[in-house]
Amino acid sequence: MALLELISVTASYGAVDALNAVSLRVEEGEIVTLLGANGAGKTTTLRTISGLMKPRSGSIRFLGKEIAGASANSIVRLGLSHVPEGRRIFPGLTVRENILLGSSNRSRVPKAELDRDLDAAFGIFPDILKFADAPGWTLSGGQQQMVAVARGLMARPKLLMLDEPSLGLAPIIVQQVFRTIAAIRERGTTVLLVEQNAHMALSIADRGYVLETGRLIVEGPPATLLNNEEVRAAYLGGRVTAG
Amino acid sequence: MSITLQLLFTGLGIGSIYALVALGFVLIYRATNVVNFAQGDFSMIGAFLMVVFAVDMGLPYWLSAVIAIAAMAGFGILFNYGVYYPLRHRTFLPVVISTIGASILLQNGVLAAYGPHPQSLPAMLPFPGIAVGGVFLDSQYLLILAVTGAMVVLQYLFFERTMLGKKLQATSQDKEMASLLGIPVALMIGITFAYSAVLGGLAGILVAPLLFVSINMGSTIALKAFAASIIGGFGDVTGAIVGGLALGVVETFGAAYISVPYKDGFAFLVLFLFLMVRPQGVFGEKVAEKA
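Protein chains in written order, with the working numbering: chain A, 1 to 243; chain B, 1001 to 1291.
Keep in mind that the hints are not guaranteed to be accurate.
Restricting the straight-line Cα-Cα distance to at most 30 Å, the calculated cross-link-like pairs of lysine-lysine (DSS-like) are [to be verified]:
no., chain 1, residue 1, chain 2, residue 2
1, A, Lys158, B, Lys1175
2, A, Lys54, A, Lys111
3, A, Lys158, A, Lys54
4, A, Lys130, A, Lys158
5, A, Lys130, A, Lys65
6, A, Lys111, B, Lys1175
7, B, Lys1175, A, Lys130
8, A, Lys111, A, Lys130
9, A, Lys65, B, Lys1175
10, A, Lys65, A, Lys54
11, A, Lys54, B, Lys1175
By construction, these hints were calculated from the structure, which means they are not laboratory data.
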C-alpha cells in the first residue's frame, strides 16, 4: 500500500481548472519530487493534499484512509505535514515558539518529549540555535526556511511535503537545505518535494513527476527524467544538441 | 498639585475602562481582521447582568460579578457562532454589518426587557474611598484600577507564557499556517470572542456604579475605546492599554480646565490630531498592504 495515493484528482479555482486528473503515489521511505514550471499546479497539488483546498473530484488516500476534502488540521493530525511555499514563519513569535507550535497536531505530548524533539530539531539545524529567542521576522530567508522545516518535523510526520524550499536562497544555502532533506529521509521520514530547481531535486529524489498546466506528463526515476527531451526542454535548461 | 493628582487618578480610572474595551476590539481584530461594532454592547450586557443578579435577584455583589463574567464568556461564544462564524469566509464588510446588526439587536432586546429607564447600581466596595494627602481616592476608581491592572498582568502571562496563548497569537498572525500545524483555528477564534466579551463585560460591570446602566451606555464607551485603540496603534495590545489610559486622562483634564460640556469632544479632537499627524498611532508601524 502506498503511503500517499492520489487517484484522478481534479481541482479548480472558480471556473479555472488547476489540476486535471492528477494521479500519483508516494511509497514509504521515498523522496518523490514534483517538477514543473510556474503555474503548472505543483503548489495546488500540495494544497489539495493537505486540505487547504478541496478537490472537485478524485480520491486522496493517506495510510489507506480517504482524506479528500477533510480539514487541514485533521489531516496534519494523521501525520502529513505541509511546509508551504514562502516559509510562513509567525513573525511575532520567537524561533523556539514557532518550532514548538509544530507539535500542535500531537495531543498531550509530555514536556520532556517536546524538549527532546526541540533539541533534535536544533540538532538538524544548528545554525538557528543561536536565534532561538529572536522573533521570527528578524531571520534571513535561509534561516526562516530552516525554521519552517524544523517546525514541520515537530509534527513527527510520516510524510513531509516541502514546497519550494530553495526559493530565494543563496546557492550555498540551497545545497545545505537539500543535504538536510536527504538526511531527513535517512531518519525514516518520507518526503514529497515540490521544486523549480529540478537538477537539485532530482539529485536527491528516488522518483519524480512532471506537471504541465495541471496534468502529469512524465513519471520516472531521475535518470529517465533527466534524459527526457521534453523535460529537458521545458525545465532543465535547454536541449542537448548533437555534436 | 493635589488637584492635578486628583484629576490624574480619575482620568486613569476612566481610561482603564476605555483600555479594557479597546483590548477587546484589538484582540478580535487581530484574530478575525474585523472590527466588532458590538464591542461596546458587551459592556452594556455585562452591566445589565449585574442589575439582574445583584439588584433584581439580590445576590451578593461578588457572586453576581462572578456569574456575570462567566455568562459573558458564554455570551462571547454564542456571539461568535451567531455573528461571525457563518460569515468567516466572506470579506470584512458583511461581517462588520453583521456586528452592527448584532449591536442593534442587543440594544433593542434589552430595551424590550427593561424599558427605556436607566438602572442604577450602588458602589461595589463598602467604603467611599481613602484620602491620601489632598487627594481623595474613590473606592470604585480604586477597584477599576486594581482590576484592570490585574487583567493586564494575567493577559500578559496568558499570551506570553502558555502554549494556548501562543496558539492564539499564531492564529491571529497566519490562520492558514496555524491550521496546517493542527491548531484548531475555529476554536481559537471562539476563545478570542469569549475573552473579548469578558473584557467588555468587565468594563461595563466596573463602570456601572459611576454611570447609569442604560441600553446605549456601550456606544459612548466603545467610541472612546475605538479612538483609544487608533491612538495607541490599531491592532497593538500595548497601544490599546496606553491609548485608553491617555484618552481618559486627556478627557478628564479637558473637562476640568477647558469645558465640561465638551468633555466627549476632547477624545475625538485627539483622534483627529493623530489621524492627521501619526495615523499609525503611538505603537503602530507604517505597514504596506500585505502581498
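Subject >> Earlier hints that do not hold, by number >> reply: 2, 5
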